[in-house]
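Fit chains P and X to the supplied structure of chain V, relying on the hints for placement.
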Amino acid sequence: MSPDLLYALAGVGLCGIGLAGFLLLDHLLRRLLAFNLLGSGVFLVLVGLAQHRGGPDPVPQALVLTGIVVAIAATALAIVLIRRYFHLTGRTSLADAGDGQS
Amino acid sequence: MSLTALLPILALLSSLLAAVVIFALPESSHRLRTLVNLLAAVLKLGIVAAMTWGVFRGVDFSVSFSMLPGVSFMLRADALAMLFAGLSAVLWLLTTIYAVGYLEDSPNRSRFFGFFSLCVASTMGIALAGNLFTFFLFYEMLTLSTYPLVVHRGTARALQAGRNYIIYTLGGGVVLLLGIAWLHGLAGDLAFRETGHFQSVDPALHGQLTLVFVLLVAGLGVKAGMFPVHGWLPQAMVAPAPVSALLHAVAVVKAGAFGIVRVVYDIFGIDFAYRQGLLEPLAWLAAFTVLYGSLRALWQLDLKRRLAFSTISQVSYIILGVTLFGPLGTVGGLVHLLHQGIMKITLFFCAGNYAETLGVHRVDELDGAGARMPATSIAFTAAALGMIGVPPLAGFVTKWTLGAGALAAQMEWVVLVLLLSSLLNAAYFLPIVYRLWFLPVAAPWPEERRWGRLETNAWLFWPPLVTMLLLVLVGLLAPTAFSPLSWAQLIAVRMYLP
Amino acid sequence: MAGLLFTPLAWAALSLLLDFRRGRWLSWLGMLIQVLVSLSLWFAVAGGGGFFYALAGWEAPLGIALRVDGLAVSFVLLTAAVATACGVHAGVYLDPGKSWQRYFWPLFWFLWAGLNGVWLGADLFNLYVGLELISLAAVGLVALGGEAAALRAALRYLFAALLGSLAYLLGVALLYGQFGTLSLTGIAGVVGATEPAAALALLLMLAGLALKTALFPLHGWLPPAHGIAKSPVSALLSGLVVKASFYIAARLWLELGDRLGSQLLAQGLGALGAAAVLWGSWRAFRQPYLKQVVAYSSVAQIGYLFLLFPLTYAVAEPVSRLAQQGITLQVISHALAKAAMFLAAGNLILSVRSKRVDALGGVSHFLPFSLFSFGLAGVSLMGMPPTGGFAAKWLLLQASLASGQWWWIAVLLLGGVLAAAYVFRIYRASFLEDSVSDDFYHPPKTLEAIPMILALLALGLGLVAEPVLSVLALPFEVAAGVTAVQP
Chain V
0 MSPDLLYALA
10 GVGLCGIGLA
20 GFLLLDHLLR
30 RLLAFNLLGS
40 GVFLVLVGLA
50 QHRGGPDPVP
60 QALVLTGIVV
70 AIAATALAIV
80 LIRRYFHLTG
90 RTSLADAGDG
100 QS
Chain P
0 MSLTALLPIL
10 ALLSSLLAAV
20 VIFALPESSH
30 RLRTLVNLLA
40 AVLKLGIVAA
50 MTWGVFRGVD
60 FSVSFSMLPG
70 VSFMLRADAL
80 AMLFAGLSAV
90 LWLLTTIYAV
100 GYLEDSPNRS
110 RFFGFFSLCV
120 ASTMGIALAG
130 NLFTFFLFYE
140 MLTLSTYPLV
150 VHRGTARALQ
160 AGRNYIIYTL
170 GGGVVLLLGI
180 AWLHGLAGDL
190 AFRETGHFQS
200 VDPALHGQLT
210 LVFVLLVAGL
220 GVKAGMFPVH
230 GWLPQAMVAP
240 APVSALLHAV
250 AVVKAGAFGI
260 VRVVYDIFGI
270 DFAYRQGLLE
280 PLAWLAAFTV
290 LYGSLRALWQ
300 LDLKRRLAFS
310 TISQVSYIIL
320 GVTLFGPLGT
330 VGGLVHLLHQ
340 GIMKITLFFC
350 AGNYAETLGV
360 HRVDELDGAG
370 ARMPATSIAF
380 TAAALGMIGV
390 PPLAGFVTKW
400 TLGAGALAAQ
410 MEWVVLVLLL
420 SSLLNAAYFL
430 PIVYRLWFLP
440 VAAPWPEERR
450 WGRLETNAWL
460 FWPPLVTMLL
470 LVLVGLLAPT
480 AFSPLSWAQL
490 IAVRMYLP
Chain X
0 MAGLLFTPLA
10 WAALSLLLDF
20 RRGRWLSWLG
30 MLIQVLVSLS
40 LWFAVAGGGG
50 FFYALAGWEA
60 PLGIALRVDG
70 LAVSFVLLTA
80 AVATACGVHA
90 GVYLDPGKSW
100 QRYFWPLFWF
110 LWAGLNGVWL
120 GADLFNLYVG
130 LELISLAAVG
140 LVALGGEAAA
150 LRAALRYLFA
160 ALLGSLAYLL
170 GVALLYGQFG
180 TLSLTGIAGV
190 VGATEPAAAL
200 ALLLMLAGLA
210 LKTALFPLHG
220 WLPPAHGIAK
230 SPVSALLSGL
240 VVKASFYIAA
250 RLWLELGDRL
260 GSQLLAQGLG
270 ALGAAAVLWG
280 SWRAFRQPYL
290 KQVVAYSSVA
300 QIGYLFLLFP
310 LTYAVAEPVS
320 RLAQQGITLQ
330 VISHALAKAA
340 MFLAAGNLIL
350 SVRSKRVDAL
360 GGVSHFLPFS
370 LFSFGLAGVS
380 LMGMPPTGGF
390 AAKWLLLQAS
400 LASGQWWWIA
410 VLLLGGVLAA
420 AYVFRIYRAS
430 FLEDSVSDDF
440 YHPPKTLEAI
450 PMILALLALG
460 LGLVAEPVLS
470 VLALPFEVAA
480 GVTAVQP
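Chains as they are written, first to last, in numbering that gives the first Met the number 0: chain V, 0 to 101; chain P, 0 to 497; chain X, 0 to 486.
Chain V extracted, bound-state conformation (with noise of 0.2 Å):
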């Protein structure tokens, strides 16, 4: 087993665990987290499996960049909410409080 494919097969791993995390957790900070282990591991089975498959690949690198980018802001834009939602509530879950349609 090639170093490339450990990294791939602990990406997989990661984002079991992520996964886990993000369905289980209530607490919305930790599924924030779990979000971004998940999205760990899917860069690091990007860039494992591609190497994988004969030297260095500039290409996923790339890619891992501009994913990381948009990951940083969709955790951004997350904490936000998160925050404002916590301030007006009080809560850290989204678990209903009665039905909140209007």
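None of these hints come from the bench; they were simulated from the model.
Take the hints with a grain of salt, since some may be wrong.
[What the hints assert, rightly or not] In silico SDA-like cross-links for lysine to any residue, where the CA-CA straight-line distance does not exceed 25 Å:
#1 Lys97/X <-> Ala75/V
#2 Lys444/X <-> Ser109/P
#3 Lys444/X <-> Gly96/X
#4 Lys354/X <-> Gly96/X
#5 Lys354/X <-> Gln266/X
#6 Lys354/X <-> Leu87/V
#7 Lys354/X <-> Pro367/X
#8 Lys97/X <-> His441/X
#9 Lys354/X <-> Thr445/X
#10 Lys444/X <-> Phe22/P
#11 Lys97/X <-> Leu4/V
#12 Lys354/X <-> Leu17/X
#13 Lys354/X <-> Pro287/X
#14 Lys97/X <-> Ala148/X
#15 Lys354/X <-> Thr154/P
#16 Lys444/X <-> Phe368/X
#17 Lys444/X <-> Ser27/P
#18 Lys444/X <-> Leu16/P
#19 Lys444/X <-> Val20/P
#20 Lys444/X <-> Glu26/P
#21 Lys444/X <-> His29/P
#22 Lys97/X <-> Gly188/X
#23 Lys97/X <-> Arg83/V
#24 Lys444/X <-> Asn107/P
#25 Lys97/X <-> Phe368/X
#26 Lys354/X <-> Ser27/P
#27 Lys97/X <-> Leu17/X
#28 Lys354/X <-> Leu93/V
Below, chains P and X without anything else, positioned relative to chain V:
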């Protein structure tokens, strides 16, 4: 674009544009709206008259364009189309006049007349549709544009009736769509053709075609008010009288009946339907509906409900005529399409007049109304006698032709049904006539505003008299060249294989 | 060409500097330009066929390659139409007095840029970036206004969207690891029949995209988000945003599905779509709030789209084409009709000052125009002739019949009836004249005119379906020779 392609489109547009203009007009501009309505109706009558003359001389009015892959939008005026178009054009003019008077001083007139025009546009489209797909298009448009008219009054009862109306007609539409789509898959885009499409079809398809036939007739039967899917019709009588008159006596139920005529003759072909044994069960169903409607009408005390059940019964005459294999039966069915429309609209106009002028809705409140409203009552009596089939009125002509057609098709039991139904007609119409003329007034008529010399508002006064004149004329002049009867004969001979 | 992608970004940046009113003028100008450019591109493609375009000369995978075919330009044009309608509506509808409204315009333009990126994108990674841009902008728009309920809906939406994007990206990673290319056509050229890794990748991507498209049973996030957003925003989200992820799923399926998919997957997606149609319609019928009705109706209408999968898998070429045409018409007519419906619903809500369905009594007197627009849009959703919805339904019916998959017929017909049920429920409520209240607000004429125009477009689509479909079918392969796809 040549004139022959333009005229069918103009016939449609005349009321479609009227609808748009009316919707755009503010609620308060009553005079302008009336003017637009009448202009459009007169214009349409002119166009239809010109087209009828053209069809008589053998001009082919048609226009079509491809709408979807494999499906075209097609308008075409053949003799059968003109029969229905002519009927609705004449009656639209009269009903518009009537409706203007009937809805005087009531709210939401802009909405009413807008949808009213849309309905007429749909009816015209149904008449002129050149293939089943186009027919379906306008058939569903009719469903949608009648809904606001049924619920026009906005009462809980009207909304309930509207709900049932929509459930029935949309359900029928779904069944119809299934049939049409299936047929399209089997045979492609089918234009209406006088002898049908399936004279020589692969016997392997017979089973599927029979199923399609059942679907199509079942879907159309809803609007035609056939038993057991007639339930919406009596309830829809909560609508204002002009709506009941034009739509429920003429446009909607006739759209269903006309559709069945088209399907039997112009899609399947009467020969094919006969050989497949599709006509016989339909005949039984129609005969049953004829008797059932009449029987139910006997027990109705509300005048409009009685008329509604009478409509259920009378429309099935048309279908009965269709199922009698042979030109005479066809003529009987087709001519009844027209005669029944004229008679029934007269009755509804009169019922509306009693309701509007005297505040009378029930049969047992009509005692002595003949003296108060002689003209309306004469019209009512004439139409009722016509319905019963008293010679030489319109109803007699159709019943006579239908009977002869039944004998020619060797279905003698149909004659029995006709006789029985006429007896029932007499049983539920003659008591009303008797009450009108021979019983004393029970309570003094309500004090109402003066109408001048006339017994009611002039807008309401004249339309029933005109339709009464028509129903006498079409009966008296039936043997002449330009009567509906001759026109129906012209159509019928083309439908049978040489 | 590049302008379609980058000028929206420029408008976004510029409008970020301005307050709501000035941003509005700038944006209206921008919309005009976008519409004109989209139109001219559409005519160029309709006249000359589609092509590949490598942005600034950079070839994929590092550069941004665009595929410009009939379908893509039609969606670009559709976006221009719907977004402009929503933008004009929003300019009048939103209250300029509230300070946060100034963020509407930047978000709106980011959304537009992302949408165009997705329609035109030719390689999988750029599609991912486009998707994320759309999601983030859309979440921002939902949260606009900042009440707790809106934030909750926005957060739910954000989490769902992020999860979906990552599933998609994981699939992209697997595909790249396998084939070393990101170009969809490149992968389609080399993929074989039995490649479990690639099949897994397709499955992951479809799952992620289904989540973003709110396919039943993953639709939970959609009704709150679409229901609580401001009406013009709801219109954008329902009309366009959910279509973007479906568009990618459809392109993936049509390129790779015949080799990597299976009958089970195809029928399974179709069955979920069917369940969405029935469940969404039923829920729409039961909702007490007007906008929730419309939002659940979106869930149902999205369900129809997933009939694409069974109806194009392992069927004859003409049947597959019928299904594709039907689905495309469904996307377009739903975008127009649903946008019209949300905007009209917004007007009705403004008018009666309540979001409840049963508060609509008597509104048919006072706001017949908006009600009529709502009704016309409803006619298209029901699939009644002659609307675009009907044309779509007809084509799908024919495809189901021709492929022998008669069970979808029942879904199509039943779905129409259920749609009629929830649309007529609104009519019924508004025709009732018991509770005659005179306390109605009259929205400005512009607000009333826009939904009507959209509804009329949805209506007219059915009549001109044939010519529209002929442009949609224009293959980009005609001129594809200009770009060599490198593995």
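A quick look at each hint next to the structure:
1. Lys97/X <-> Ala75/V: holds (23 Å)
2. Lys444/X <-> Ser109/P: Cα-Cα ~18 Å, so holds.
3. Lys444/X <-> Gly96/X: Roughly 20 Å between the alpha carbons, so the hint for lysine 444/X and glycine 96/X holds.
4. Lys354/X <-> Gly96/X: holds (22 Å)
5. Lys354/X <-> Gln266/X: violated (38 Å)
6. Lys354/X <-> Leu87/V: holds (23 Å)
7. Lys354/X <-> Pro367/X: It holds: about 18 Å lies between the C-alpha atoms, which stays within 25 Å.
8. Lys97/X <-> His441/X: holds (21 Å)
9. Lys354/X <-> Thr445/X: It holds: about 21 Å lies between the C-alpha atoms, which stays within 25 Å.
10. Lys444/X <-> Phe22/P: Distance ~15 Å between lysine 444/X and phenylalanine 22/P Cα, so the pair holds.
11. Lys97/X <-> Leu4/V: Distance ~54 Å between lysine 97/X and leucine 4/V Cα, so the pair is violated.
12. Lys354/X <-> Leu17/X: Given pair lysine 354/X, leucine 17/X is violated - Cα atoms ~32 Å apart, limit 25 Å.
13. Lys354/X <-> Pro287/X: holds (9 Å)
14. Lys97/X <-> Ala148/X: holds (18 Å)
15. Lys354/X <-> Thr154/P: Holds, at roughly 23 Å.
16. Lys444/X <-> Phe368/X: Measuring from Cα to Cα gives roughly 10 Å; hence the hint holds.
17. Lys444/X <-> Ser27/P: holds (19 Å)
18. Lys444/X <-> Leu16/P: holds (22 Å)
19. Lys444/X <-> Val20/P: Satisfied, since the Cα-Cα distance of roughly 18 Å is no more than 25 Å.
20. Lys444/X <-> Glu26/P: holds (16 Å)
21. Lys444/X <-> His29/P: holds (23 Å)
22. Lys97/X <-> Gly188/X: violated (53 Å)
23. Lys97/X <-> Arg83/V: holds (17 Å)
24. Lys444/X <-> Asn107/P: holds (20 Å)
25. Lys97/X <-> Phe368/X: Cα-Cα ~28 Å, so violated.
26. Lys354/X <-> Ser27/P: Measuring from Cα to Cα gives roughly 30 Å; hence the hint is violated.
27. Lys97/X <-> Leu17/X: Holds - the C-alpha atoms of leucine 17/X and lysine 97/X are around 14 Å apart, at most 25 Å.
28. Lys354/X <-> Leu93/V: Holds, at roughly 24 Å.
Against the hints set out earlier in the document, violations occur for numbers 5, 11, 12, 22, 25 and 26.
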